[in-house]
Amino acid sequence: MTGVEIVRTILEEFPYALYGSIMVGTLCAFLGVYIVAKRVVFLGAVLTQVSVMGLALTFLPLFPVPHTLGSLIITLGTVVIVSRMLTGKKVPKDAVLGIVFVTSIAVRILVMQKAARVEASEIENLLRGDILFVTPGLFYLMAGAFAAASAVHLLFFKEFTYISFDAETARTQGFNAAGWEVGFYLIAGVVISFATHMVGDIFVFGFLVIPPVAAMLLVRRVTGIFVVSVLIGLCAPPVGLYLAFLFDLPSSPAIVGVASVVLAGAWIVSLARKR
Amino acid sequence: MEPVIRFTKVTLGYGRTPVLRDISFEVHAGEYFGFAGPNGAGKTTIVRAILGTLKPLAGTVRVVMPSGSRVRFGYVPQRDTVDYVLPYTVEEIVMMGRYRQMGILRRPGEADRAAVRKSLDHVGIRDLRGVSFRELSGGQKQRSLIARALASEPDVLVLDEPTNGMDLSSRISILDLIRQLHSNDRLTVIMVSHLLDDVANHVGRLAIVEKGFFQVGTVEEVLTGPNLSMLYGMPVDVRRVGGRMVILAGGDDDWR
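Protein chains in written order, with the working numbering: chain A, 4 to 278; chain S, 15 to 270.
Hints may be right or wrong, so weigh each one.
As the list claims (entries may be wrong) - Distance windows between CB atoms, simulated:
| # | chain 1 | residue 1 | chain 2 | residue 2 | range |
| --- | --- | --- | --- | --- | --- |
| 1 | A | V155 | S | R30 | 32 to 38 Å |
| 2 | S | R148 | A | L234 | 47 to 53 Å |
| 3 | S | K69 | A | A267 | 46 to 52 Å |
| 4 | A | V230 | S | R258 | 48 to 54 Å |
| 5 | S | R258 | A | V83 | 52 to 58 Å |
| 6 | S | S83 | A | T226 | 47 to 53 Å |
| 7 | A | G140 | S | G82 | 55 to 61 Å |
| 8 | S | E16 | A | G182 | 31 to 37 Å |
| 9 | A | A154 | S | E235 | 54 to 60 Å |
| 10 | A | L158 | S | V78 | 31 to 37 Å |
| 11 | A | T226 | S | D141 | 19 to 25 Å |
Hints were generated in silico from the structure; no laboratory data involved. Please read all numbers here as calculations on a predicted model, not as lab measurements. Virtual Cβ for every residue (Gly too), placed ideally from N, Cα, C.
Please model the complete structure; the sequences and the hints are all you need to start from.
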């Protein structure tokens, strides 16, 4: 296929793959700045695995709800519990996240063994998410959720950044820091849950970490970091999709690969600046 | 005169575990008050109760201006409690002090920007307003956090270990700045420090804090050799050198 044919194929036959991956890429890249700043990068990986576990549980007769709803319920329930544990001091943060991470994977494997309704390979495909087969219904449902999450973050940008920078002083000024923290994690939970269902865990976790870190290497202003991170989240998915078609590659890893190349470039630029 | 802060038989702690029991003290408007004591003694716990972020397990905490209005605190936390990952500029950080006045969903207006400029001028770092906070020296960071507290137009300035980890000149410079804010601007100041020299030569009254020990009074009443020797479990002597109080620990007989 020529370049023009690839672009035409993507736009005509897989438009929701293109728009969906851009939507997930930009929002994850935005939320990822907070996640990296709060030093809870592992939380991104954990929530993607919890979301996948939630999806897997919907294959059991005991939890007969739609896949997306099941994933959302399990993810938000975990967020409420984990966000309380993350602010406590008895158990280290990384230990809490590690326990949830490994438990989610173990539960998923057990469920896949026992889910009799469908083949394990079908479950595995659903759990991994496939950008190319995003349906219009799923896309619009996600778009609504993502629009709401984006609006909350843009409206309360100063509150979220203040709590992230210095929760203790914010609390002395009458801000309900714990409430804002839980609010942040709930929004992240919704986004990660929906996004994982749509594009898979590799894509979601990759875009929660790679664009923010690349932006931090390139830019020396906080607003600039958010802008550059979002730009990477906006541009890497279409380029990755194009390359996936061109070289017959799986789409999610190709998109994450493009973001990683941008990160490598950012690292080289930051090294050159120091000299 | 009614005190701004009054603790009456207050017990403080986390969960159900008391850290300090039955403490009582008052801080009056315009006073420079200190909390001193070893690390982990519970000084920050008292500050949290003053600021209203920690509820007492028992007793009464009354915090109200003589006019009856609510006390506005300007809080300067320990420098290592803030996030250094994102490169906030000094101006952005000082603007955070205005967020309470701004209210929810509002963006900074001209009044907020003017208050930020005034605060930066006040602490002498206007030229650093565009510099990233994480690139500053310890003293400059402390000035930035003090400017943020001032931007909130406080009635009471509360500083938690403001000179911790600083070199001598930065330490003296910050202590002078705090003294000016107290004497020139008539701010009520509460300073927490484990550095007895800082407290001894700057505050008017202080409380010595240690688990199971709480004593309030003037510097001369509280910072005595026997008191401090008991508190730290070693010989401590208090002398005056050139008009300044000097605290000598460890039983250096040559000095005696």
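### Query
Quick one: are S/R148 and A/L234 within 47 to 53 Å, going by C-beta?
23 Å, violated
### Query
Between S/R258 and A/V83, does the beta-carbon spacing fit 52 to 58 Å?
55 Å, holds
### Task
Using the Cβ atoms, figure out if A/V230 sits within 48 to 54 Å of S/R258.
The hint (48 to 54 Å, Cβ to Cβ) holds, given that A/V230 and S/R258 are roughly 52 Å apart.
### Query
Falls inside 47 to 53 Å, the C-beta gap from S/S83 to A/T226?
At roughly 36 Å between Cβ atoms, A/T226 and S/S83 fall outside 47 to 53 Å, so the hint is violated.
### Query
Cβ-Cβ distance between A/L158 and S/V78: within 31 to 37 Å?
The hint (31 to 37 Å, Cβ to Cβ) holds, given that A/L158 and S/V78 are roughly 33 Å apart.
### Query
Does the Cβ pair A/T226, S/D141 satisfy 19 to 25 Å?
22 Å, holds
#### Entry: A/A154 versus S/E235 beta-carbon gap, inside 54 to 60 Å or not
58 Å, holds
### Query
Per the hint of 55 to 61 Å, is the separation of the Cβ atoms of A/G140 and S/G82 within bounds?
59 Å, holds
### Beta-carbon spacing of S/K69 to A/A267 - inside the hinted bounds 46 to 52 Å or not
51 Å, holds
### Query
Is it true that A/V155 and S/R30 lie within 32 to 38 Å of each other by Cβ?
This hint holds: roughly 36 Å between Cβ atoms.
### Message
31 to 37 Å was suggested as the range; check whether the CB atoms of S/E16 and A/G182 agree with it.
### Response
For S/E16 and A/G182 the Cβ distance comes to about 33 Å; the hint holds.
Against the hints set out earlier in the document, violations occur for numbers 2 and 6.
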